[in-house]
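Trainee: Here's the letter readout for the chains.
2 protein chains.
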Amino acid sequence: MISMAILGFGVVGSGCAEVLTQNKDLICESCGSEIEIKYILDLRDFPDSPFADRVVHDFQVILNDPEVSLVAEMMGGSHPAYEFTKACLCAGKSVVTSNKEVVSNFGTELLQLAEQNGVSYLFEASVGGGIPVLRSIYVDLASNRIRSVNGILNGTTNYILSSMKEHGTSFDDALAQAQKLGYAEANPAADVQGLDAARKVAILCGLCFGKLVCPASIPTTGITGISGKDVEDAAKLGYAIKLIGHADVKDGKITALVSPRMVPLSNPLSGVSDVFNGVLVNGNMVGDVMFYGPGAGKLPTASAVVADIIDIVSGKGGAVKKPHFVDAVPEDLADFSSYACVRYFRVSNSLSEVSAVFGTDALHLLTGDGYVSVITAAPMSEREADEICEKLDVLSTMRVL
Amino acid sequence: MISMAILGFGVVGSGCAEVLTQNKDLICESCGSEIEIKYILDLRDFPDSPFADRVVHDFQVILNDPEVSLVAEMMGGSHPAYEFTKACLCAGKSVVTSNKEVVSNFGTELLQLAEQNGVSYLFEASVGGGIPVLRSIYVDLASNRIRSVNGILNGTTNYILSSMKEHGTSFDDALAQAQKLGYAEANPAADVQGLDAARKVAILCGLCFGKLVCPASIPTTGITGISGKDVEDAAKLGYAIKLIGHADVKDGKITALVSPRMVPLSNPLSGVSDVFNGVLVNGNMVGDVMFYGPGAGKLPTASAVVADIIDIVSGKGGAVKKPHFVDAVPEDLADFSSYACVRYFRVSNSLSEVSAVFGTDALHLLTGDGYVSVITAAPMSEREADEICEKLDVLSTMRVL
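Protein sequences, first through last, are from chains A and B.
Using the numbering used here, the letters of the first sequence map in sequence onto residues 1 to 401.
Using the numbering used here, the letters of the second sequence map in sequence onto residues 1 to 401.
The following block holds chain A by itself, in its conformation from the complex:
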């Protein structure tokens, strides 16, 4: 019998208790031993919950109980989640988490602490919710040098963009609807401004390239500037607009960014709609593989947390295959101004002015009422894109995947 504690009994925390209860037999068989939820740490009480008697308000009770060998941290936010995780690892307790904020900022230190104390720190649920993407990268694609990753990593923004595309809803209405359905937080800033996706890109850099990139150093543009006109224009040109977290490595230098992108319909990410997430990984042997599924939600996210628990318990601690990375240093990062990709521009200039700038090289050209839309034939750098913006009257511009 393994005794564990849950830190934070919110959406994911209570989902974790539900998965462990509903699939108890299956999990017990897979682990080779029963898992008991001995404590649940939360500021609140839950008198109506079947777990009411496990609720404690003092973290020290958990930390000081030698019977507790495993802790699932689902509190969210950096503090005190980080401090509690550190204390647990130092006390020889393995920790699993869905907390992307903690992993993206303190992951390297926490993995080292786990290693030093002979325990595990796993965080499958921190990227892609219930989709098995992280372990797939460090176990199943271990025979590959990962070249790039592109992901739809945030369900809220994907719901909003899908809604704008499918039903012509405005950004504000789509956001309100997402909040009503419980997809978006009351304060949706971290979602719509791209910070949530940037944290996940940071973690993906850790697993794909061995370097955890600080989320603050990832150039990030959210979707607040996307208009109905952009969405409509993209559809006419044969693209879907998606908030894409991108990372690649070339000559040992990592480029990571988050921005809305026009995704061609031939790319499988273009079909990832609503609150679903999709992560497309390119390895030097396997080529492109994509993982698709529910990127958030109570039970899907909890399903990934419990998979980590099973991995640790069935591996008896020491045998688990562990993620590993170090913090990226400035020299690991490519100069962003030379990052090149195909671009979309919508300008209010005349067709002849547009042709004068792009030549006859534009891949797609669409003229509308007072505007010309262009998809460039070749990738251009950030610097070159800025130059275009000086020469033409740009109404909108976006990267193309």
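Simulated from the structure, these hints should not be mistaken for lab results.
Keep in mind that a hint or two might mislead.
As the list makes no split between identical chains, a pair holds if one copy fits it or if it spans any two.
What the hints assert, rightly or not - Straight-line C-alpha distance at most 25 angstroms; calculated DSS-like pairs for lysine-lysine: (1) K24 / K250; (2) K24 / K38; (3) K86 / K391; (4) K86 / K38; (5) K253 / K86; (6) K253 / K24.
Knowing the structure of chain A, use the given hints to seat chain B on it.
Mentor: Frame of chain A, contents of chain B only:
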């Protein structure tokens, strides 16, 4: 240093040597020790290969060398691959394979032998080529009771169907093209008649439901009966025709089948084109997750074989999480005649005759030159579908996903 042997130096076997060579540093780091290819077993010689000096023609050399602790079987076919695998496992050598024929027919016995001898038998590459799907099921989705799986499991047939849809190519021309491009074998029977997909469904039943279903007991229809008219009609109705391997479990009874199906465009499998594979798994906690990527090919398949090798070497044998199943017995299988799904019919009857049979319940109805196409509003059993075929003059019928 780990010494291994490759059995069969064909497409996948030589790919395996290439992956181990090209990504040597990475793999060594991941494993914690170097992997040496000590022997390659093949009937042929490869004087121009950098591995020419490792080629042996006598299996006993490998079997009797105590230094060889791991064998990668990529010979294809049941015999002597099965006998060689058995001998290796009994001699305390772990075996990894891409051979779906052996796994689907003898997997249970071989897993037991591995267990008894304290070694591993892994076969990630046997389903979905380079896509990490099997380990994802038994590790990442271990917290889920798997309810169903639907997969595009054969690249050749998917290439043919994509070609018929995109370019209006006939079945025969598309097949010839697939053979020219090296996707289809000279004898494409196992592909186009669905046997290859049935073998993969058998293995998926083992991992999803713990019961390896004998491929011969899986009702299997290939794509040889699909006409250009079917493909065209499907597109008009908003569907894509795909060869779908399906398995589900209800009340402890497994239904498994392989047949062409009309897949609605809202289902992510509909977008899986060309030689790509996609596997959609439904778990009781996570819901739907899909794995997508190259389902065949030299390096992608080899990438999965090498992932199994890394898993075994880095886990030092004993610690690897292992797949586990037993053979299904007749009582494990549901009565196929009561398997129900939505159906498509194209009939040469009049609209009034069609309405008399289906009532006003048909979900989609399309009338063309001398025919009426119908998608039923509700699932119907195989028995009920047979009854429709007696009442109407059915030109074509297909299951809908």
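Trainee: Each of the hints needs a verdict: does it hold here or not?
Mentor: Against the structure, the hints come out as follows:
1. Taking CA atoms no more than 25 angstroms apart as the test, K24 paired with K250 passes between copies only; the shortest distance there is 19 angstroms, against 46 angstroms inside one copy.
2. Proximity of K24 to K38 under the C-alpha cut-off of 25 angstroms is restricted to the intra-copy arrangement: shortest distance 15 angstroms within a copy versus 45 angstroms between copies.
3. Neither within a single protomer nor between protomers do K86 and K391 lie at most 25 angstroms apart by alpha-carbon distance, with minima of 53 angstroms and 71 angstroms respectively.
4. Only within a single protomer do K86 and K38 lie at most 25 angstroms apart by alpha-carbon distance; the minimum there is 20 angstroms, versus 45 angstroms between protomers.
5. For the identical chains of this complex, K253 and K86 are neighbours neither inside a copy (30 angstroms) nor across copies (46 angstroms), given an alpha-carbon limit of 25 angstroms.
6. For a Cα distance limit of 25 angstroms, the shortest separation of K253 from K24 across copies, 21 angstroms, qualifies, whereas the shortest one inside one copy, 45 angstroms, does not.
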